Amino acid sequence: MHALPPLEQPVEWLLLVLDGAGIFVFAVSGAALALRERLDLFGVLLLAFVTALFGGILRDLLLGATPPETLTSWRNAAIALSGGIFTILARNGIGRLAKPVRLFDAIGLGLFAAAGTGKALDFQVDPLMAPAVGMVVGIGGGILRDLLVTRTPLVLQAEIYAVAALAGGYAVVAGQALGIAAQPAMIGGALLCLGLRLLALYRGWTLWQPPAPPGL
Amino acid sequence: MHALPPLEQPVEWLLLVLDGAGIFVFAVSGAALALRERLDLFGVLLLAFVTALFGGILRDLLLGATPPETLTSWRNAAIALSGGIFTILARNGIGRLAKPVRLFDAIGLGLFAAAGTGKALDFQVDPLMAPAVGMVVGIGGGILRDLLVTRTPLVLQAEIYAVAALAGGYAVVAGQALGIAAQPAMIGGALLCLGLRLLALYRGWTLWQPPAPPGL
Amino acid sequence: MHALPPLEQPVEWLLLVLDGAGIFVFAVSGAALALRERLDLFGVLLLAFVTALFGGILRDLLLGATPPETLTSWRNAAIALSGGIFTILARNGIGRLAKPVRLFDAIGLGLFAAAGTGKALDFQVDPLMAPAVGMVVGIGGGILRDLLVTRTPLVLQAEIYAVAALAGGYAVVAGQALGIAAQPAMIGGALLCLGLRLLALYRGWTLWQPPAPPGL
Numbered sequence: 001m002h003a004l005p006p007l008e009q010p011v012e013w014l015l016l017v018l019d020g021a022g023i024f025v026f027a028v029s030g031a032a033l034a035l036r037e038r039l040d041l042f043g044v045l046l047l048a049f050v051t052a053l054f055g056g057i058l059r060d061l062l063l064g065a066t067p068p069e070t071l072t073s074w075r076n077a078a079i080a081l082s083g084g085i086f087t088i089l090a091r092n093g094i095g096r097l098a099k100p101v102r103l104f105d106a107i108g109l110g111l112f113a114a115a116g117t118g119k120a121l122d123f124q125v126d127p128l129m130a131p132a133v134g135m136v137v138g139i140g141g142g143i144l145r146d147l148l149v150t151r152t153p154l155v156l157q158a159e160i161y162a163v164a165a166l167a168g169g170y171a172v173v174a175g176q177a178l179g180i181a182a183q184p185a186m187i188g189g190a191l192l193c194l195g196l197r198l199l200a201l202y203r204g205w206t207l208w209q210p211p212a213p214p215g216l
Numbered sequence: 001m002h003a004l005p006p007l008e009q010p011v012e013w014l015l016l017v018l019d020g021a022g023i024f025v026f027a028v029s030g031a032a033l034a035l036r037e038r039l040d041l042f043g044v045l046l047l048a049f050v051t052a053l054f055g056g057i058l059r060d061l062l063l064g065a066t067p068p069e070t071l072t073s074w075r076n077a078a079i080a081l082s083g084g085i086f087t088i089l090a091r092n093g094i095g096r097l098a099k100p101v102r103l104f105d106a107i108g109l110g111l112f113a114a115a116g117t118g119k120a121l122d123f124q125v126d127p128l129m130a131p132a133v134g135m136v137v138g139i140g141g142g143i144l145r146d147l148l149v150t151r152t153p154l155v156l157q158a159e160i161y162a163v164a165a166l167a168g169g170y171a172v173v174a175g176q177a178l179g180i181a182a183q184p185a186m187i188g189g190a191l192l193c194l195g196l197r198l199l200a201l202y203r204g205w206t207l208w209q210p211p212a213p214p215g216l
Numbered sequence: 001m002h003a004l005p006p007l008e009q010p011v012e013w014l015l016l017v018l019d020g021a022g023i024f025v026f027a028v029s030g031a032a033l034a035l036r037e038r039l040d041l042f043g044v045l046l047l048a049f050v051t052a053l054f055g056g057i058l059r060d061l062l063l064g065a066t067p068p069e070t071l072t073s074w075r076n077a078a079i080a081l082s083g084g085i086f087t088i089l090a091r092n093g094i095g096r097l098a099k100p101v102r103l104f105d106a107i108g109l110g111l112f113a114a115a116g117t118g119k120a121l122d123f124q125v126d127p128l129m130a131p132a133v134g135m136v137v138g139i140g141g142g143i144l145r146d147l148l149v150t151r152t153p154l155v156l157q158a159e160i161y162a163v164a165a166l167a168g169g170y171a172v173v174a175g176q177a178l179g180i181a182a183q184p185a186m187i188g189g190a191l192l193c194l195g196l197r198l199l200a201l202y203r204g205w206t207l208w209q210p211p212a213p214p215g216l
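Chains as they are written, first to last, in full-length UniProt numbering: chain S, 1 to 216; chain V, 1 to 216; chain H, 1 to 216.
Just so you know, these hints were derived from the structure itself, not from any lab.
All figures in this text were calculated on a predicted structure; none of them were measured in a lab.
Be aware that one or more of the hints could be misleading.
Unchecked claim - Ranges of calculated distance between the beta carbons of each label pair, as one might list FRET restraints:
| id | chain 1 | residue 1 | chain 2 | residue 2 | range |
| --- | --- | --- | --- | --- | --- |
| 1 | H | Arg36 | S | Leu178 | 54 to 62 angstroms |
| 2 | H | Val17 | V | Leu178 | 47 to 55 angstroms |
| 3 | S | Gly195 | V | Leu89 | 49 to 57 angstroms |
| 4 | S | Pro10 | H | Ala78 | 56 to 64 angstroms |
| 5 | S | Arg102 | H | Leu128 | 29 to 37 angstroms |
| 6 | S | Arg38 | V | Leu89 | 39 to 47 angstroms |
| 7 | S | Leu128 | V | Leu103 | 25 to 33 angstroms |
| 8 | V | Leu178 | H | Ala78 | 19 to 27 angstroms |
| 9 | S | Leu14 | H | Leu128 | 22 to 30 angstroms |
| 10 | S | Asp122 | H | Ala90 | 32 to 40 angstroms |
| 11 | H | Gln124 | S | Leu14 | 25 to 33 angstroms |
| 12 | H | Leu97 | V | Pro10 | 54 to 62 angstroms |
Cβ atoms here follow ideal geometry from the backbone N, Cα and C, with glycine treated the same way.
Work out the full structure, taking the sequences as your base and the hints as a guide.
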């Protein structure tokens, strides 16, 4: 997705722009946490980078696609670092941006999960496991972000986030099994994930939390 | 080990069943911790998956055997998720299962360490380092499990666990150096690890804890 | 760098010795933290190993150079474990060694960053991203060390450390772009990193810490 498409391909351009927007807002979420934790400039930019790009790096390591995309071009890093610098500059107003950040975060999640699933299918991953690779792209960065400031990852605690990514991934697998072409299947999966995530956000859906075992 | 062996190979069948049992109880230990930490359904199943399978994934990443076995078939994931669901359903009785869980955990440790060492030798790892790869299969999942709930990994604190895995791995290396065939050497290494681990458990052996440096 | 060079190559010998000294003092820093955290013998040696060698392992995983160098020869492990054992034996005097440890830590940082950048350039990493790979060799081990004892990595908090590694890496890239041979470019980059790090240590330079956002 990273070589620039010719101008007459509007869908490719749209996906490229949304992919970049997803990286940007993932980076904002990493940098915002780093500011709260009082990290230094390097720490803020590293958390922006890691939150935005570690999921994709992990996908490429799992698939054996080395060096990872993030290292073979400076595009991803430039977007992530821009997100980090933007967060520092706009820190006084970042609270007011919560709604658009959540929207583009959900768009990014859908795209990363669907495209990651598609890439996993190309690399001989079992179709039932490919959505797990897509999910890793969506949640891997956030997990490492939380571990680096030593808190239990948010994604493990009562929110419909990873599950939306998995649903989008299985839609891609189903589409491919039904003979739908790769790009429409991917867009369908991304939209399903986006819809589920937004519904969960605006209706306050959470995931069941099993009761604690007695005295364990 | 994952293609089904023909019925007339009882040793292969036994190893396959024990390998599955090891994955299952590793998953139980991850899920039990997740229940105690009050994670949601996704968190419980992710911790089951990671505890059971991350060690093997890390082994395959280190060896360049990508995509990892856990992604090229759904068998491992199915066993690990079954272990997670079982733990949720049986949560009120899980305390009474502590003894069989410890037994099968030790069996799994032995098998994972010995088979991991054998695979490392096949991938041109130095014979003195191959047992470290086998050990990673046995302890990698538990370390990530503990990090995800932000506690210092148990395996670093006063128990004969990783050391038993290393001993089993070096037995495999020694067997191979002495010209013993791969399968008997592996079974010998697994039994040595199992024996050491059970002895340590039932005799309460612990590893020496060096004194803290003064004022450091 | 790990096959022994012939005796008439004094620069190669010097680099090999300094590389080993860097691994040794990285291991000391891991083992010293482990002693403070009251880990057992295995935990102390594992933290020594991981602090000294995880950065290089991560570099090789990112580049697809598997199995990593640390697994294809026992040299690195032997040096790291020697550093761990030395720390246990010398624990009462380790406080007095703080100055030489800091000096060799800075030398190691410079060498690891410069050599890692050079290796990344050989593996088709984008020249703008290659210094990030070199930096990972220098800081990856320390980050995992801190995560294993559940504290926020030191390198994210107000010190000129990773930034010195990046500067050294960009010097290597610039040297290569200007047509300078690989070895002198690498030595120049290592010296730049070393100089920056020592200046920062002795002048007390720190990195800017952005103010916390209001009420975020």
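Verification of the hints:
At about 59 angstroms, the CB distance of Arg36 of chain H to Leu178 of chain S agrees with the hint of 54 to 62 angstroms. The hint said 47 to 55 angstroms for the Cβ distance between Val17 of chain H and Leu178 of chain V, and at roughly 36 angstroms that hint is violated. Between Gly195 of chain S and Leu89 of chain V the beta carbons are some 31 angstroms apart, a value that contradicts the proposed interval 49 to 57 angstroms. With their beta carbons about 59 angstroms apart, Pro10 of chain S and Ala78 of chain H fall inside the hinted range of 56 to 64 angstroms.
Hint check: Arg102 of chain S to Leu128 of chain H, Cβ distance near 31 angstroms, so the stated range 29 to 37 angstroms holds. Distance hint for Arg38 of chain S and Leu89 of chain V: a CB-CB separation of about 44 angstroms, consistent with the stated range 39 to 47 angstroms. Range check, Leu128 of chain S to Leu103 of chain V: Cβ separation about 31 angstroms, and the 25 to 33 angstroms hint holds. Separated by about 24 angstroms at the C-beta atoms, Leu178 of chain V and Ala78 of chain H satisfy the suggested range of 19 to 27 angstroms.
Checked against the hint of 22 to 30 angstroms, the C-beta distance between Leu14 of chain S and Leu128 of chain H comes to roughly 27 angstroms, which is consistent with it. The hinted range of 32 to 40 angstroms is not satisfied by Asp122 of chain S and Ala90 of chain H, whose Cβ atoms lie roughly 53 angstroms apart. A C-beta distance of roughly 30 angstroms is found between Gln124 of chain H and Leu14 of chain S, which places it inside the suggested range of 25 to 33 angstroms. Distance hint check: the CB atoms of Leu97 of chain H and Pro10 of chain V are about 59 angstroms apart, consistent with the given range 54 to 62 angstroms.
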